[in-house]
Every structure is written in C-alpha cells, then in structure tokens.
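Asks: With the hints in hand, could you dock these two chains into one complex?
Chains as they are written, first to last, in full-length UniProt numbering: chain A, 1 to 131; chain B, 1 to 150.
Simulated from the structure, these hints should not be mistaken for lab results.
Treat the hints with caution; some may be incorrect.
Stretch by stretch, here's where chain B covers chain A in the computed footprint (C-beta under 8 Å, at least three residues) [claimed, not checked]:
# : stretch
1 : 54–67
2 : 75–84
3 : 98–112
Note that the structure is a prediction, hence the values are computed from the model and not measured.
We put the CB at the ideal spot given by N, CA and C, even for glycine.
Read off the chains here:
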Amino acid sequence: MTEILEPQTFRVTRADLVRYAGASGDFNPIHWSERIATGVGLPGVIAHGMFTMALVGRAVTTWAGAADAVKEFSVRFARPVPVPDTDEGTEIVVTATVKEVTEDGETRLALTATCNGDKVLSLAQALVRKR
Amino acid sequence: MPLDQTFVGRTWPPTETYLVGREKIREFARAIGATDAEYHDPEAARAIGYPDVVAPPTFPVAITMAASRQVINDPGLGLDYSRVVHGDQRFAYTRPVVAGDALVCVNSVDEITTRGGHWFITTRTEVRTEAGEPVVTVWSKLVQRGEEHS
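Same shape as in the complex, but just chain B (with noise of 0.2 Å):
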C-alpha cells in the first residue's frame, strides 16, 4: 500500500505527560545487562550531577515508541503495520533521561520515499520537560515491506 507523502512535515500535538520511574530504569538497566551504578543507585548518580538514576541510552525509544503510535496507527497514512520492519535508529541527546523526569513527546514525519516496492518513513520525536527543556531526539526509520516480498 502506498503511504500518503503530504505526511511528510506534519507535526503532531504533544503527547500525555509520561513520568519516568526509578524502578521503571532499574528494570530496563536490568533488562539489558547494564549494571553501571548510576543506572540503579541514586546516590551514584548524584555524585556525577543528577538528581536520580540515569537511564540507559536506548531507553527513551521505550516512551517514543509508544508516543509514535499516535503517527503511525493514523489510518490516513496507510501504513500495514504487519509488514514493517525496523530500518534505522538514532538519537541525539541533550542529557540522559533521569528517573522523575516528567516528558512529553512531539512527533514529525521528516520523510517518506519509495524504492524496490517498499516505503520508508521516518519519524522524529522531540523528548522535552514538561517546562519545555530539550531532552533528547529520537529518529525512527521504518520499513514497509512491498507485498511481493513478504
């Protein structure tokens, strides 16, 4: 299915507040293997300037993932979710993400093309404060699969 390219630009409401959890990085820390202090001990992280745990570097893709649902379930855009795979990840970080953070995310479509069959969309969520600080931002390339290849 073809996606529809006036996407490309479109900038989305800022999503529901999410308040990220100690116990929430603890788990994703634990998750991954990382045992690095400062993603469990809130003291450790105050002895290198945060207020609480730090998270792991792939850990905002765990809200923003959720957050783009608000792009990528909009049946105008046409996409079939169950032939999509994941193409490429980036994020560029202002400061990690720290427990009692409380974040908001805003989702653009930055592109779309078509090559081979197959769509690409790239989505970009802006990771901020409630009070508007800039936390981090995430890129998500996604690939739909053309028919004849799935």
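Isolated chain A, as found in the complex (with noise of 0.2 Å):
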C-alpha cells in the first residue's frame, strides 16, 4: 500500500515575496508590482516559482528528518501561485506519497502543491535518504 505523508501548510505574504527576491537574486518585477504583473496578462503579483519549489523542499526535508536529505528534486511549474496584497496572503499546502524504496535505501516521494484548491505544480518528485 501506497504511505501518504503528513500534508505540510505554508503561508504566502507579499513580505515572504520581497524577502525571498532579495535572498535569491530574482527580482523579477511581476513577483512584487501589481502594476507590471497585470500588465503581462497575471492576475496579480505571484509567487517565485522557485519559492513555491523552496518550501516544497523544506516540506520533503521535514518529512525525510534531515536538512541533506534530498538527492534528487524535480518540479514542472503547472500554475501561478497569486499572492494578494493582504496580512493574511495566501497558502500552499504540500502533500507527498511514497512511490518507491529503492534497494539501496532511498525514498521516492511524489509530491503535489495546491494553492486554493489548484495544483501549482505536476511532475513534483523527491529522491530522499532517510536519516
């Protein structure tokens, strides 16, 4: 049987945004003006793909017990992650399933990330060693 693991919830404010360009280096304007994001055809300002991917990371390395857990780590961006300009900003929720235990004692785990009900990613995987 197939084990499903703990879903993981992470809020998204406008703040984490700001906080995560300047940590990253992507400052990509549609991730933090209204403005330029609706006028390339978004609904609003949206989230770094690569922040959605974050804490997706941070979801599989809490569910493999380490921080260098993860071997291998894949996602295709399905769909913009909207984050309205409220206190309150917006959640994912990170769900993962064991696909496979391999032979020499690694973890493949298929994830999935949904925003309001939508999934933001497909493809999602993790290939983890357990601590």
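Replies: Here it is as structure tokens:
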C-alpha cells in the first residue's frame, strides 16, 4: 500500500516574496509590482516558482528528517501562485506519497502543491535518503 | 521569435568563481522559513559531517540563475526574456552546497523544442568546486510564450 505523508501548509505573503527576491537575487517585478504583473496578463503579483519549490523542499526535508537528505528534486510549474496584498496572503499545501524505496535505501516521493485547491506543480518528485 | 537550434549541445566556458557565504545561506534559509539547525549553526552542520552550514536544496539556483545569463542573454540565441516563464526545474545533488564552497558553473544547452507557437529551452548547469569536485547539476526549462498568447 502506498504510504501517504502528513500534508504541510505554508503561508505566503507579499513580505515573503520581497525577502525571497533579496535572498535569491530574482528581482523580476511580476513578484512585487501589481502594475507590471497585470500588464503582462497575470492575475496579480505571483510567487516565484522557485519560492514555491523551496517550500516544497522544506516539506521534503521535514519528512526525510534531515536537512541534507535530498538527492534529486524536480518540479514542473503548472500554474502561478497569486499572492494578494493582505496580511493573510495565501496558503500552499504540500502533500507526498511514497512511491518506492530503492534497494540502497533511498525513498522516492511523489509531491503535490496546491493553492486555493488548484495544483500549482505537476510531475514533482524527490529522491531522499532518510537519516 | 524562433530560437537558434544550433545552440543545442553547446557548452560555455566556466563562470567566475562564486564564493558561498555563511550569512548568504542563513539569509536564504530565513527567507524560505527554514529553521533546521544545519542551515544556521556550523556546529550542527559539523555534527552531520559538513565543514560549515548546509544550504537548503533549492539554494543552488541563486548561483545558477545568474550564471545561466551567459546563455539566455546571448543575442544569437534569440530569446525574448520578457515573454519567458519558468517551466521545469530539476536538481541532482552529489552533496549539499556548504558555506565556504568556491563554486564554478559550466552551462550547456540540452534541448530546444517548439510546440503550439511556444519555444522551450532546457539549460544544464554543472556546479563544481574550483578543484573540479562535482556538487550539483541543475536543469532549468524556460518557456518563451508565443506572441498570440502573450
């Protein structure tokens, strides 16, 4: 039977996007300017895809029980994560199922991330070595 | 604008060395809300076998995104960055990045395809130490949206 891991929820506000922009060096204005985001056809300011992936990475290392557990990690960005200019921002919910435990003890996780019920990633998976 | 498919298979010279700072790793970890001790405390990192604080799994993109401008800003490629969105991202780690690493990036283009008026380019960045020790391989697929959809 497939093991399903406990879902993890992350809150994302505009302030988080500003912090992530500075830390990552990705200053694309669609992640902080409503005017520019809507000007290119987006619903509003959206989270960096790599910020969403970083939150999924937090979930993965928590499940694995080790900060250095991740051997492979891949995602496809299926749809944007709009982040409203409110104190609450939005929420990303990350879930995982164990797909496989390899002969040398590594665990393959199939991952999902949703925002307002929409899948924002597809084909997301990680290979981890638990401590 | 079509992309120049002769870029597939091309490899660029190694980028200048990126010196990974302890405070940069801590800043990145704080920005994503990652509180694991190994990201912040050198002693905790040493306890699991690393010389200094360990970077979270997606940290390498802070290095490779800048490095891959070498490819995507090449005027010969024909990429219109104002119409680009991030498609796929993949990491394969030999070991985590740690503070004190002196890293160089070698960029290649793995694939260029087109479908439905959109163009897709996959770059691969091999991240190694100055001494040539492999650390992580990073693949990014960028999507240049067709003009009718922009």
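Asks: All hints, please: hold or fail.
Replies: Comparing the hints with the structure gives:
Closer than 8 Å: that is the beta-carbon criterion, and the stretch 54–67 of chain A has 8 residues meeting it against chain B, so the requirement of 3 holds. With 3 residues having a beta carbon nearer than 8 Å to a beta carbon of chain B, the stretch 75–84 of chain A meets the requirement of three or more and the stated coverage holds. For the stretch 98–112 of chain A, the assignment as covered by chain B is violated, since 0 residues bring a beta-carbon within under 8 Å of that chain's beta-carbons and 3 are needed.
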